[in-house]
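Same order as they appear, the protein sequences are chains A and L. At position 31 of the first sequence (counting the first as 1) the number is 30 in numbering that gives the first Met the number 0, and the numbers step up by one without a gap. At position 141 of the second sequence (counting the first as 1) the number is 140 in numbering that gives the first Met the number 0, and the numbers step up by one without a gap.
Hints in this document: simulated from the structure, not taken from any laboratory. Here the structure is a predicted model, which is why all the values come from computation and not from measurement. Be careful, since some hints might not be right.
[Unchecked claim] Per the computed footprint, the stretches of chain A lying under chain L, defined by three or more beta-carbons under 8 Å from a beta-carbon of chain L, are:
1. 45 to 54
2. 68 to 76
3. 116 to 130
4. 233 to 239
5. 284 to 298
Glycine residues also receive a C-beta, built at the ideal position from the N, C-alpha and C atoms.
Protein chains: 2
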Amino acid sequence: MSADVAGGIAASGEFDLIARIRARIASRDDVALGIGDDAALMTVPAGLQLVVTADTLNAGVHFPADTAPTDIGWKALAVNLSDLAAMGAQPAWCTLSLSLPNSDPRWIDGFIDGFLALAALHGVQLVGGDTTRGPLSIAVTAMGHIEAGHALRRDGARVGDDVWVTGTLGDAAAALQSLFSGAAVERSLRARLDRPTPRVEVGRALVGLASACVDLSDGLLADLGHLCARSGIGAEVDLALLPVSRALARFKPEVRWAWQASGGDDYELCFTASPQRVEQVQQALDFAGVAGTRIGRIVAGQGVQALAADGAPWRAPRDGYDHFA
Amino acid sequence: MSADVAGGIAASGEFDLIARIRARIASRDDVALGIGDDAALMTVPAGLQLVVTADTLNAGVHFPADTAPTDIGWKALAVNLSDLAAMGAQPAWCTLSLSLPNSDPRWIDGFIDGFLALAALHGVQLVGGDTTRGPLSIAVTAMGHIEAGHALRRDGARVGDDVWVTGTLGDAAAALQSLFSGAAVERSLRARLDRPTPRVEVGRALVGLASACVDLSDGLLADLGHLCARSGIGAEVDLALLPVSRALARFKPEVRWAWQASGGDDYELCFTASPQRVEQVQQALDFAGVAGTRIGRIVAGQGVQALAADGAPWRAPRDGYDHFA
């Protein structure tokens, strides 16, 4: 485990790469041993549960091939922190398994810049991982904690609950479709695709308020469908209520609804809460500094019904992303 | 999150694949929530530290392209449990990020068979992960625990300590070289390459006895070198003392020393202990049912010196595996 990072240029081998990363990591008091041994040692405070999630990004599948390395680094951690946010957890640590076709030091430095910038925002310490030669693939496991028994699970929604989402929907999907069609992509939309904001503060603020929660990675209808299946209920969503960004507002509803309801990569939170909690939820969102919108309601039955402005059922062109479809 | 696993044939999408895996997992009492939500929830008992490691296997880099899927599944978990073993930790949970070029159900079932067979041996529960389309790559994060402050670290070796290794060395490297050269590979050697045995019981038994420990993945001299660097000391290894399997014993020492001292993929433990502890260490190894051999000593200075039978310095043809070399 050499520490040859002088000059920041030569990344001649796996051990140098690990040293490059290691030299740039801030340390938390609850990490007794970080990168550099066979495994890391951490302390989970008494009364807290450990929360763990793992998500991978592959080139060409989870981000366009032209994505800047710093954005890839950011997004690889963001999609994992988004999962922790959906549980109401406080992020703490992560591991990173990085497969690279070569060891271009500029690419690596850019990647680390983006990854560690987001880690620093949330006080997350990288405690382990490995680098291997292979097609570009980034596997992250993120860990955090939550007051025992207080996690926001998918299975707690009840009939009559409101359905909420944070932020705006469909921006990343619109950017992706523009890219696929060869059109120019508006900068604000591309930023939403490349640098999603994990709603960690919202998740924390919703502990004790939301009855269920899921993060939106595969598309609103698909992910809300997962929540409904786990809760054993159904949901109705009013498409006219879906929050829309300024950039997307110029599209006709019929065009943007497909992105908003079925597009992926939003990384907003979708949660349910009792109508009696509307004011408290609004205060929690204000506290977190993130907009929230009530878009529908939990109903008896199963499945998610999207309703057009006239209340008629609406069918999405496709149901979320399925990487094996 | 559908649960369409009937018949065990159709693996039509990502969610089915997750369901296939989920349906086959045993559950631990300390897992409050496993696969199926945004993240898993676990309890770390008071007084124990969390131990975390992450290692990836890529096709053609970490296993030959013709490796059976069941062996790939086994090895992907084994290399991670080996890291936990090197800390003296008790394995508990893992996540799995699986990138696959297609969703061949026979391949997937074979992979899961091997992965879960080893998990069951050590009571490890798969608590999360994802499946994505991409070149074959398997990223695992393994978690366990250890009595606080008692982990076997790399930095505790002291001058005068004995250097020990478990099992036999060089078998996997010999198998790999036979494969590369197109020669027939002896079955026992190939098994050592494809199905390494993580020395979990040995690691547990060495807590309080070993002064430092590392697992052998990159080759004895390279990995012992990492231990020495972290401990701020040097080591001498007597090549004539390296434990040799029956299959490897028929090779001349000069041939097999390269595999034994510098070959990778052994997944044995290399540890140091005071000479006053010889009998206790031997009892611990007997208790774990694994052979152990004293192969050298910790000395002042730095670096690892390999000595031939006549005591003369020996230089390995190469220093371990470096995936970016």
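Do the hints match the structure? See the list:
1. Note: the segment 45 to 54 of chain A has 8 residues with beta-carbon separation from chain L under 8 Å; the three-residue rule is met and the coverage holds.
2. A stretch counts as covered by a chain when three or more of its residues have a beta carbon under 8 Å from one of that chain; for the segment 68 to 76 of chain A and chain L the count is 0, and the coverage is violated.
3. Counting residues of the segment 116 to 130 of chain A whose beta carbon lies closer than 8 Å to any beta carbon of chain L gives 5, which reaches the threshold of three, so the coverage claim holds.
4. Using a Cβ-Cβ cut-off of 8 Å, 0 residues of the segment 233 to 239 of chain A lie near chain L, which falls short of the minimum of three, so the contact claim is violated.
5. Evaluation of the coverage hint for the segment 284 to 298 of chain A: breached, as 0 residues show C-beta separations to chain L shorter than 8 Å, against a requirement of three.
Violation of the numbered hints given earlier is confined to hints 2, 4, 5; the remaining hints are satisfied by the structure.
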